[in-house]
Amino acid sequence: MLALVLLGAGVGLALLWAPEDADQGATQRIFYLHVPVALTAYAMLGWGAWKALRLLWTREERYDLASYTGVHIGLIFALLTLATGSIWARASWGVWWDWRERQLVVFLILFLFYSAYFMLRYSLEPGGARGRISAVYALVGVVLIPVSFLAVRLADQFLHPTPLIRRGGPDIEAGMLFTFGVCFAGMLALGATLYANELTGKRLDARLRELREVLT
Amino acid sequence: MSSGDKYLWGAYLVVLLAVLVWVAIIALKLQRLERELGEIVELARRG
Amino acid sequence: MTYLRDAAALARKDLLLELRGRETVPAMVLFVLAVFVAFRFALPEDQERAAAGLLWVAIVLTALLGLVRAFVPEQDQRTLDALVLAPCDRSAIWLGKSFSVLAFLLVAEAAAVPLFGLFFERPSAATVGAILLADVGLAAIGTLMAAMAVGGRAREVLLPLLFLPLAIPVVIGGVGATVAADPARYLGFLALYDAIFAILAWATFEYVVTE
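Chains as they are written, first to last, in the working numbering: chain F, 1 to 216; chain W, 1 to 47; chain L, 1 to 211.
Worth flagging that the hints you see were computed from the coordinates, not collected in a lab.
Derived pair list, reagent style EDC-like, types lysine to aspartate or glutamate, alpha-carbon separation capped at 16 Å:
#1 F:Lys-202 / W:Glu-34
#2 L:Lys-13 / L:Glu-23
#3 W:Lys-29 / F:Asp-205
#4 F:Lys-202 / W:Glu-36
#5 F:Lys-202 / F:Glu-61
Partial list, derived from the structure: chain W residues whose beta carbon lies under 10 Å from chain F:
#6 Gly-10
#7 Val-14
#8 Ala-18
#9 Lys-29
#10 Leu-30
Idealized CB from N, CA, C, for every residue including glycine.
Start from the sequences and build out the full structure, keeping to the hints where you can.
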């Protein structure tokens with residue numbers, strides 16, 4: 001499985017050196033990194049929410065760790081999205097942060113929200129209740145995603161009435177699309193691997209703790 | 001290297017570093033788990 | 001109809017408690033006033049949006065204050081457990097609770113908004129509408145968050161963390177309705193927010209409070 005990741009991510013990266021660059025020049029290539037990272041973040045958070053839903057539906061405890069891991073990886077990718085987005089902003093416009101960049105603002109809100117997820121988990125005693133409450137919170141989170149998108153879009157209209165600089169140009173050539181696809185797949189694969197590893201780690205942890213308790 | 005390139009490399013570096021850091025964390029975790037497993041085996045053997 | 005009756009009973013209990021104790025609402029009013037005065041000096045002089053921003057920050061923080069107190073009557077876990085064990089739909093608890101939170105918030109605002117008009121600028125009809133809509137949303141999702149926080153440690157710190165990210169869209173909607181030329185869009189957004197999160201909170205509350 002790791003091979004898949006390395007293949008996916010690596011090929012994606014390697015291909016980057018091949019295709020044509022846009023009118024923005026080299027900096028446009030960050031797009032191949034930033035957007036897949038962002039999309040993977042959404043995917044992971046969505047996955048976490050799906051697992052959360054399954055938990056509430058079936059009341060099977062195993063979904064709790066799965067949901068937790070999904071959110072965990074999602075948060076990491078969200079942080080990376082903010083980081084890469086910030087670098088891209090600096091490269092394109094000379095500023096590290098621009099409130100007009102809607103997706104970044106949405107990610108900032110989500111970052112706040114999902115960071116609180118961890119605060120929530122740490123403040124609760126381990127057990128079924130914690131799993132359920134975390135699951136509900138994860139669900140609220142995915143609902144928040146489109147709502148904040150809409151909100152930030154609306155905010156733009158009264159905060160920055162000047163038209164937004166459209167980024168990532170409308171002239172998507174075939175080579176770029178393909179590269180993007182590969183990068184996206186690679187990033188997803190990376191995310192999936194991180195998820196699987198992290199989940200195994202957490203499960204092991206839990207079972208060891210159980211064993212310890214049984215024995216002492 | 002133009003300044004644009006600098007940021008490009010910077011971005012990829014950031015992601016790469018993040019992945020490496022994560023790998024390191026997992027490695028540490030595995031170490032810890034292995035140690036705990038050893039302790040538990042000891043406990044089982046004794047009890 | 002017992003569902004609504006249960007919710008109403010719970011709300012009535014909270015309202016009566018407050019009427020007799022008079023702890024939360026006066027605190028909220030004073031708090032809003034304090035926020036107005038304190039933050040007035042923090043904001044630039046002549047931007048019209050400064051006042052709007054101040055109003056909405058004050059509303060959100062006051063709602064937070066009300067929410068922190070929301071489950072205090074049930075703080076002794078037994079009471080909450082008892083409520084949960086009661087033969088009523090758990091989501092009725094949510095309905096009753098958010099209603100009382102909403103009521104407290106409205107009462108506090110009934111005092112605060114005229115004061116805002118006095119100190120800063122008269123709020124437009126759109127603003128008032130936005131406040132009403134926002135209150136519903138804040139109470140709805142806030143009650144859910146308060147229920148989540150009540151079981152854990154450091155609940156006073158946790159609740160703001162849980163609540164504020166969710167309040168951001170409400171602030172956007174509210175400020176937009178206050179300053180924009182066409183407030184209808186923002187009011188519509190607030191209504192949408194209310195509907196979405198109220199339904200979500202109503203549907204999931206059960207899972208938050210049951211063991």
